[in-house]
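Peer 1: Work out the full structure: start from the sequences and follow the hints.
In order, the protein sequence lines correspond to chains A and B.
Its first residue numbered 12, the first sequence is counted upward by one per residue in my numbering.
Its first residue numbered 79, the second sequence is counted upward by one per residue in my numbering.
One thing to keep in mind: the hints can contain errors.
Listed next, the in silico DSS-like pairs over lysine-lysine satisfying Cα-Cα at most 25 Å (straight line) [as the list claims (entries may be wrong)]:
hint: 1; chain 1: A; residue 1: 89; chain 2: B; residue 2: 246
hint: 2; chain 1: A; residue 1: 17; chain 2: B; residue 2: 136
hint: 3; chain 1: B; residue 1: 246; chain 2: A; residue 2: 55
hint: 4; chain 1: B; residue 1: 246; chain 2: A; residue 2: 85
hint: 5; chain 1: B; residue 1: 139; chain 2: A; residue 2: 89
hint: 6; chain 1: A; residue 1: 29; chain 2: B; residue 2: 136
Read the hints as simulated data drawn from the structure, not as lab findings.
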Amino acid sequence: MISENKIHNLLEDDSFRKFVVAGQFAEKWNIWLQNNPGYNREFKIASKIIENIYSENQAVMSELKQRDIKNRIKESLKKEIENKLRHRSFIWKAAVVSLILVGSLAIALLFPERIDFREQDQPVIQKISKNNPKGIKSIITFSDGSKAYLNAESSIKYPQLFSGNAREVELVGEAYFEINKDENHPFIIHTDQVQIKVLGTRFNVNAYPENDQVKVALVSGKVALNSEQGDQLMLSPSEMFIYSTLGDRKYSIESFNSDHVVGWKDGILSFHNESLQYVFQKMERWYGVNILYDKNKSLYKDWMFTGKFENRSLEYILNTMNQEEIFDFKIENDKVIIK
Amino acid sequence: MNIDQYIWKSFIKGSRSSFEDLYELYFESLYLYAYQMKPDSAIIEDLIHDVFLELWNKKDKLPDVKHVKAYLMKIVRRKVFSKSKKYFDPVDSENYLLNDLAYFEEMQDEDSEVKELVLRTCLQKLTKRQKEIIHLKYFENLSASEIQEITGLSQQRIYNIVSESLKKLKLLLSKNSIILMLVLSLYWLFL
Numbered sequence: 012m013i014s015e016n017k018i019h020n021l022l023e024d025d026s027f028r029k030f031v032v033a034g035q036f037a038e039k040w041n042i043w044l045q046n047n048p049g050y051n052r053e054f055k056i057a058s059k060i061i062e063n064i065y066s067e068n069q070a071v072m073s074e075l076k077q078r079d080i081k082n083r084i085k086e087s088l089k090k091e092i093e094n095k096l097r098h099r100s101f102i103w104k105a106a107v108v109s110l111i112l113v114g115s116l117a118i119a120l121l122f123p124e125r126i127d128f129r130e131q132d133q134p135v136i137q138k139i140s141k142n143n144p145k146g147i148k149s150i151i152t153f154s155d156g157s158k159a160y161l162n163a164e165s166s167i168k169y170p171q172l173f174s175g176n177a178r179e180v181e182l183v184g185e186a187y188f189e190i191n192k193d194e195n196h197p198f199i200i201h202t203d204q205v206q207i208k209v210l211g212t213r214f215n216v217n218a219y220p221e222n223d224q225v226k227v228a229l230v231s232g233k234v235a236l237n238s239e240q241g242d243q244l245m246l247s248p249s250e251m252f253i254y255s256t257l258g259d260r261k262y263s264i265e266s267f268n269s270d271h272v273v274g275w276k277d278g279i280l281s282f283h284n285e286s287l288q289y290v291f292q293k294m295e296r297w298y299g300v301n302i303l304y305d306k307n308k309s310l311y312k313d314w315m316f317t318g319k320f321e322n323r324s325l326e327y328i329l330n331t332m333n334q335e336e337i338f339d340f341k342i343e344n345d346k347v348i349i350k
Numbered sequence: 079m080n081i082d083q084y085i086w087k088s089f090i091k092g093s094r095s096s097f098e099d100l101y102e103l104y105f106e107s108l109y110l111y112a113y114q115m116k117p118d119s120a121i122i123e124d125l126i127h128d129v130f131l132e133l134w135n136k137k138d139k140l141p142d143v144k145h146v147k148a149y150l151m152k153i154v155r156r157k158v159f160s161k162s163k164k165y166f167d168p169v170d171s172e173n174y175l176l177n178d179l180a181y182f183e184e185m186q187d188e189d190s191e192v193k194e195l196v197l198r199t200c201l202q203k204l205t206k207r208q209k210e211i212i213h214l215k216y217f218e219n220l221s222a223s224e225i226q227e228i229t230g231l232s233q234q235r236i237y238n239i240v241s242e243s244l245k246k247l248k249l250l251l252s253k254n255s256i257i258l259m260l261v262l263s264l265y266w267l268f269l
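Peer 2: Laid out in structure tokens, this is it:
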């Protein structure tokens with residue numbers, strides 16, 4: 012008398028199903044069968060049932076693959092969705108778009124007293140904190156597809172999923188942003204003293220706490236800046252807005268060299284008439300090392316350095332700097348000793 | 079929050095890429111489920127297409143969902159039922175009972191590929207509802223409560239259906255192996 016319960020028990024077992032379908036756990040089941048000869052017929056029937064179920068579905072799946080149904084339906088859906096969206100004149104683009112905005116607040120620098128964003132009453136949304144120590148750079152992709160290249164010794168805090176009216180992140184240090192355009196959801200970057208609000212563009216934010224400046228360098232797009240004083244400024248690509256965090260709230264706009272300011276994300280380390288202190292500080296951050304040298308030596312104090320390196324090792328750069336053999340250096344793991 | 083719920087939340091807020099993720103993740107399951115209820119690829123292709131389109135169009139009215147797959151399958155089920163009222167016997171299709179004898183006579187008339195036929199038609203001999211539950215339980219590996227969520231049947235009912243189905247299948251498959259042996263042995267005789 013064939014027992015249904017026995018069949019049922021076998022069918023309930025995950026490893027049994029996997030054995031029948033994929034041959035996994037073969038040893039286990041062979042042994043089991045030897046030890047349970049009373050299950051012989053039920054075993055066969057249960058196997059056949061599983062085979063039946065799976066072979067039917069496999070047949071359908073291979074037909075789906077053959078006729079590429081999945082993609083065909085997907086394409087048809089895409090067309091229909093895009094048609095609808097176009098009628099509402101809402102452009103859904105995943106790619107970064109340069110935007111030209113005149114007379115409107117494309118980027119507005121919000122000064123400390125005017126914190127503009129609303130406190131969202133959201134259920135607890137997981138916030139992710141990405142901290143880069145010295146020597147480490149990373150790329151972060153936000154839930155809307157926007158990207159941030161986070162530099163060394165920097166950290167960024169962002170929600171796993173953007174919700175509410177704005178897309179907001181917190182930055183300490185430096186990052187290069189590629190923000191997807193979304194007119195309905197401005198992207199807001201909070202640094203310690205400055206908040207940057209954008210709709211979609213490419214720019215670099217430098218806000219290391221030990222510096223007394225926040226710099227925003229625009230790579231693509233043309234934007235209007237409104238200052239607290241009521242000035243309206245147009246920022247063009249290759250222009251950098253520098254804001255003093257000392258409290259005097261002075262700001263200026265300068266041109267910048269792309270490699271110099273933004274090159275770090277592409278592995279370009281670039282200096283132009285920079286003091287040794289600045290150069291070493293940047294290298295420390297870049298390579299994750301501590302450079303020990305006598306800061307008081309006048310030789311080092313007066314040194315202005317210009318150079319551009321693309322994906323070079325620490326040793327290479329130090330050698331290049333030292334072409335005239337002015338100093339001796341030794342690299343020990345994460346320490347560099349300069350004499 | 080597991081990844082399904084995350085994608086769903088993102089989708090109902092309007093994320094196109096999350097919508098595409100849902101499509102990629104669940105297309106096969108939904109298609110197979112719909113197909114085994116109504117094995118007509120033309121109809122099912124349209125149906126799945128319509129389901130996803132409606133989901134997109136109504137996304138801001140959709141609730142937050144705990145079991146995304148079960149929710150989607152429920153929608154598909156409803157659609158299959160409503161679309162194919164004329165194909166489906168809306169009145170309890172479990173009342174359809176297998177006539178074992180008739181089946182075996184049918185089998186004996188076949189003179190080729192008996193084994194294959196036996197394998198292939200086994201599940202076909204279940205009622206539509208039995209087939210559906212077996213599919214959800216042993217192919218999709220869903221729990222009784224998830225099946226309940228999708229079909230609206232009580233867990234007791236589901237258990238009973240599984241029981242009946244196994245009974246039937248056991249009968250079919252065990253008898254068929256005897257038939258098979260008989261047929262094969264007769265075949266050898268005539269060689």
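Peer 1: Hint by hint, which ones does this structure get wrong, listed from lowest number up?
Peer 2: The structure conflicts with hints 1, 2, 4, 6, although it agrees with all the remaining ones.
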